[in-house]
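Those protein sequences? They're chains A and B, same order as listed. Residues 201 to 520, numbered by the working numbering, are exactly what the first sequence covers, in order. Residues 7 to 344, numbered by the working numbering, are exactly what the second sequence covers, in order.
Keep in mind that a hint or two might mislead.
[To be verified] Per the computed footprint, the stretches of chain B lying under chain A, defined by three or more beta-carbons under 8 Å from a beta-carbon of chain A, are:
no.: 1; region: 86–93
no.: 2; region: 96–110
no.: 3; region: 115–127
Hints listed in this document are in silico derivations from the structure and should not be mistaken for laboratory results. Backbone N, C-alpha and C fix where the C-beta goes; we use that ideal spot for every residue, glycine too.
Spelled out, the chains give:
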Amino acid sequence: MTSTPTTALAVDRRTGPPPPRPQRLRALKESAHRIRLNALNMAEVQGQGYIGQALGVADILAVVYQDVLNHRPQDPRWPERDRLLLSVGHYAIALYAALAEAGVLDLAELETYGSDDSRLPMSGMASYTPGMEISGGSLGHGLGIATGLALGLRHQGSEARVYNLLSDGELDEGSTWEAALACAHHGLDNVTAIVDVNALQADGPTQGVLRTEPVTAKWEAFGWHAIRVDGNDVDALVTAFDDLRGHRGSPTVLVCDTRVGRGVPLLESREKAHFMRVEEHEWQIARDQLTERFRAGRGDGSAASANGGSAATADKEHTV
Amino acid sequence: MNAAGATAPNATAPSHRLTTSAMIASIAEEGQRTTKAPFGHALARLAEERPDIVGLSADLAKYTDMHVFRDVHPERFFQMGMAEQVMLGAAAGLAESGLTPFASTYSVFATRRAYDFLCLDIAEPGLNVNVIGALPGLTTGYGPSHQATEDLAILRGMPGLTIVDPADAVDIEQAVPVLASHPGPTYTRLLRGAVPTVLDEYDYTFQLGRAAELRGGRDVLFISTGLMTVRALSAARELERDHIDVAVLHVPTIKPFDRETVVREAGKGRLVVTLENHSVIGGLAECVASSLAFARTTARIVPIGLPDEFLAAGALPTLHDRYGLSVEAIKDRVRREL
Numbered sequence: 201m202t203s204t205p206t207t208a209l210a211v212d213r214r215t216g217p218p219p220p221r222p223q224r225l226r227a228l229k230e231s232a233h234r235i236r237l238n239a240l241n242m243a244e245v246q247g248q249g250y251i252g253q254a255l256g257v258a259d260i261l262a263v264v265y266q267d268v269l270n271h272r273p274q275d276p277r278w279p280e281r282d283r284l285l286l287s288v289g290h291y292a293i294a295l296y297a298a299l300a301e302a303g304v305l306d307l308a309e310l311e312t313y314g315s316d317d318s319r320l321p322m323s324g325m326a327s328y329t330p331g332m333e334i335s336g337g338s339l340g341h342g343l344g345i346a347t348g349l350a351l352g353l354r355h356q357g358s359e360a361r362v363y364n365l366l367s368d369g370e371l372d373e374g375s376t377w378e379a380a381l382a383c384a385h386h387g388l389d390n391v392t393a394i395v396d397v398n399a400l401q402a403d404g405p406t407q408g409v410l411r412t413e414p415v416t417a418k419w420e421a422f423g424w425h426a427i428r429v430d431g432n433d434v435d436a437l438v439t440a441f442d443d444l445r446g447h448r449g450s451p452t453v454l455v456c457d458t459r460v461g462r463g464v465p466l467l468e469s470r471e472k473a474h475f476m477r478v479e480e481h482e483w484q485i486a487r488d489q490l491t492e493r494f495r496a497g498r499g500d501g502s503a504a505s506a507n508g509g510s511a512a513t514a515d516k517e518h519t520v
Numbered sequence: 007m008n009a010a011g012a013t014a015p016n017a018t019a020p021s022h023r024l025t026t027s028a029m030i031a032s033i034a035e036e037g038q039r040t041t042k043a044p045f046g047h048a049l050a051r052l053a054e055e056r057p058d059i060v061g062l063s064a065d066l067a068k069y070t071d072m073h074v075f076r077d078v079h080p081e082r083f084f085q086m087g088m089a090e091q092v093m094l095g096a097a098a099g100l101a102e103s104g105l106t107p108f109a110s111t112y113s114v115f116a117t118r119r120a121y122d123f124l125c126l127d128i129a130e131p132g133l134n135v136n137v138i139g140a141l142p143g144l145t146t147g148y149g150p151s152h153q154a155t156e157d158l159a160i161l162r163g164m165p166g167l168t169i170v171d172p173a174d175a176v177d178i179e180q181a182v183p184v185l186a187s188h189p190g191p192t193y194t195r196l197l198r199g200a201v202p203t204v205l206d207e208y209d210y211t212f213q214l215g216r217a218a219e220l221r222g223g224r225d226v227l228f229i230s231t232g233l234m235t236v237r238a239l240s241a242a243r244e245l246e247r248d249h250i251d252v253a254v255l256h257v258p259t260i261k262p263f264d265r266e267t268v269v270r271e272a273g274k275g276r277l278v279v280t281l282e283n284h285s286v287i288g289g290l291a292e293c294v295a296s297s298l299a300f301a302r303t304t305a306r307i308v309p310i311g312l313p314d315e316f317l318a319a320g321a322l323p324t325l326h327d328r329y330g331l332s333v334e335a336i337k338d339r340v341r342r343e344l
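Using the sequences plus the hints, can you model the full thing?
Here it is in structure tokens:
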């Protein structure tokens, strides 16, 4: 594996005022870059995997772990922690990359990804991995568990919040909408759903498999406070999470448009992108491209947008 | 939910013809002592001592006796609407937050409809969630949509799940605190409404995972579970008149199964009759048979249970007689097999 930049220091989110915004954004973009590198290094161990999704949600996870979650990396079971439930179990590679970046996992452990006796199985398992709150993999489970967890925390007077990272494919599962109804009915403003809309699922583009748009309007119709952003725009993510945290009276959802393979042109243009095969010689190319792109755009998405990056929000929601 | 009078094709039938009365059907026999809503009252009592007890329902609180708990502890009751998947997922989340949930719905919905959620959200992480399934086996005449004739078969393969099939109000009342104290997930087949009260006449205490001999007998061994234990006791008493001496071994826990006691008692040379309110496939009969086979013990086993078919709708007493679960049908079967 290639050496990775040092882990950012994770802090207790409530102990001090946030740093000035430009500094905050720069740190987050660097964090997202390291998560992408971690993910590439892990995927290389297996030679394939859900690397496209990991690159796609790296910015979201950087913001969540460095800027949003109130947690203690050295004490992942701290009772007062905010929870991130990963119901998309196959995104585990992304979460491991983020947990290492956040200091919950040791960087060196990432090399064991998907290997015998590893604590990092290819699909997320709560009993295996510190910081993995639930076992995902069968989709449409996360938001239901989030519902009960949020009810229980509120009942016991806890201030902790529950986040559920789910995917647009999970919106096919009726259980997600059962949970959406329940959260709204019970006024669970300690729940935030984060929907990764990469417009791609196992059998192909979401539009062709089962149309889910208009996504934001659906959540709003279910009684949720919804915001839709470019999920690869760190600035927009920070603003949105700040808004959602202040919202009271109903659950909140952040709909994030992301691009599969984001940050690595070689992988962004792959046709078979849901479960990606990458040739042995391509990993270093991918890392080089990632670093090059990051340096060119300082990871803020501007350089990528010029190359036809995500910014797909308008196409998806407003043309329906 | 109103299905009264939905069956009975013969329009000129006599006035005493039985109707479905599906949702309020009682399994109590005429003149039998009963206790009202033993589960709901037991849970409400337990909650007085244990602030961690919470209840959930999926739009069936009134029909699973959960309403008793709801009315006493409204702040600890969570209505999830007619949505069994989120109810079980939410129960898992409540358990993760440190509470001890009891989640009730009909057995068919907990098992057929929300299996993946019971399995992955609750059983895999080994959470103390107690799923309460009403209308197990043939306890409604409403038809196959509501008759959970295969719930034991569905659930026995789920690792780590404790499965309880109580006989009467006494069994239920004693089981509730035991289930709450048991660290892992449980599924209980609920008898609701006016539930027969029988086991207080016997020297019996509910013990999780343990079978209990309620009476001894030389000729026949009844191995029974759930509501069939009450019938087994009546049949055994009445068979005395025919000079047939019947022992009754009550098995309230289907999993973990008390193999040791079953094998020991079944190996004593008596005719073994299993009695269950469940399909003969995948329930008590097959637990007994496999226990004996694995222990290299043999016995002749007569399985009294529901046939491997989707059952008819109709009045419950009629159906129990037709499918061989009534006391009369049990006695006839024993006489034929001896």
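Hints, verified against the model:
Given a C-beta distance limit of less than 8 Å, the hint that chain A covers the region 86–93 of chain B holds, as 5 residues qualify and 3 suffice. For the region 96–110 of chain B, the assignment as covered by chain A holds, since 11 residues bring a beta-carbon within under 8 Å of that chain's beta-carbons and 3 suffice. Requiring three or more residues with a Cβ within less than 8 Å of a Cβ of chain A, the coverage given for the region 115–127 of chain B holds, as 4 such residues are present.
When held up to the earlier numbered hints, the structure conflicts with none and fits them all.
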